[in-house]
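From just these sequences and the hints, can you work out the full model?
Residue 25 in the numbering used here sits at position 25 of the sequence shown, with consecutive numbering throughout.
Check before you lean on any hint, since a few could be wrong.
[What the hints assert, rightly or not] Label pairs and their calculated CB-CB ranges:
id	residue 1	residue 2	range
1	13	53	12 to 20 Å
2	15	54	17 to 25 Å
3	11	53	26 to 34 Å
4	46	15	25 to 33 Å
5	54	30	15 to 23 Å
6	30	50	12 to 20 Å
7	32	53	25 to 33 Å
8	14	37	17 to 25 Å
Read the hints as simulated data drawn from the structure, not as lab findings. Cβ coordinates follow ideal geometry from the N, Cα and C atoms, glycine included.
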Amino acid sequence: MKVRRLGRCPRCGGNLFLDKDWSGWYEECLQCSFSRRVEKLDVHEKVIIQAVKERRC
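The following block contains the structure:
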């Protein structure tokens with residue numbers, strides 16, 4: 001699955017990526033594995049829409 005880079009991890013400053021599993025959307029840090037649920041999807045709406053379009057291809 002392709003994911004998009006969102007920003008910096010609040011714990012270690014690493015790279016946050018947006019991903020989805022059975023429980024919903026979440027951000028996860030590539031370096032330290034910090035993760036948090038994404039409650040407001042409108043914040044990342046463009047990123048999510050693009051990822052869904054690419055997944056369908």
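Exercise. Do the Cβ positions of residue 15 and residue 54 conform to the proposed distance bound of 17 to 25 Å?
Worked result: With Cβ atoms ~19 Å apart, the hint holds.
For this session: For residue 46 and residue 15, compare the CB-CB distance with the range 25 to 33 Å and indicate the outcome.
Result: violated, 18 Å
Problem set entry | Whether the CB-CB distance between residue 11 and residue 53 falls inside 26 to 34 Å | holds, 31 Å
For this session: With respect to the beta-carbon atoms only, verify the hint that residue 32 and residue 53 lie 25 to 33 Å apart.
Result: holds, 30 Å
Exercise. Does the Cβ distance between residue 54 and residue 30 fall inside 15 to 23 Å?
Worked result: Because 19 Å falls inside the window, the suggested range holds.
Exercise. Are residue 30 and residue 50 spaced within 12 to 20 Å by their CB atoms?
Worked result: holds, 19 Å
For this session: Hint says 17 to 25 Å; check whether the CB-CB distance for residue 14 and residue 37 agrees.
Result: holds, 18 Å
For this session: Mind checking the hinted window 12 to 20 Å against the Cβ distance between residue 13 and residue 53?
Result: 30 Å Cβ-Cβ, so the 12 to 20 Å window is violated.
Going through the hint list in order, the structure does not satisfy hints 1, 4.
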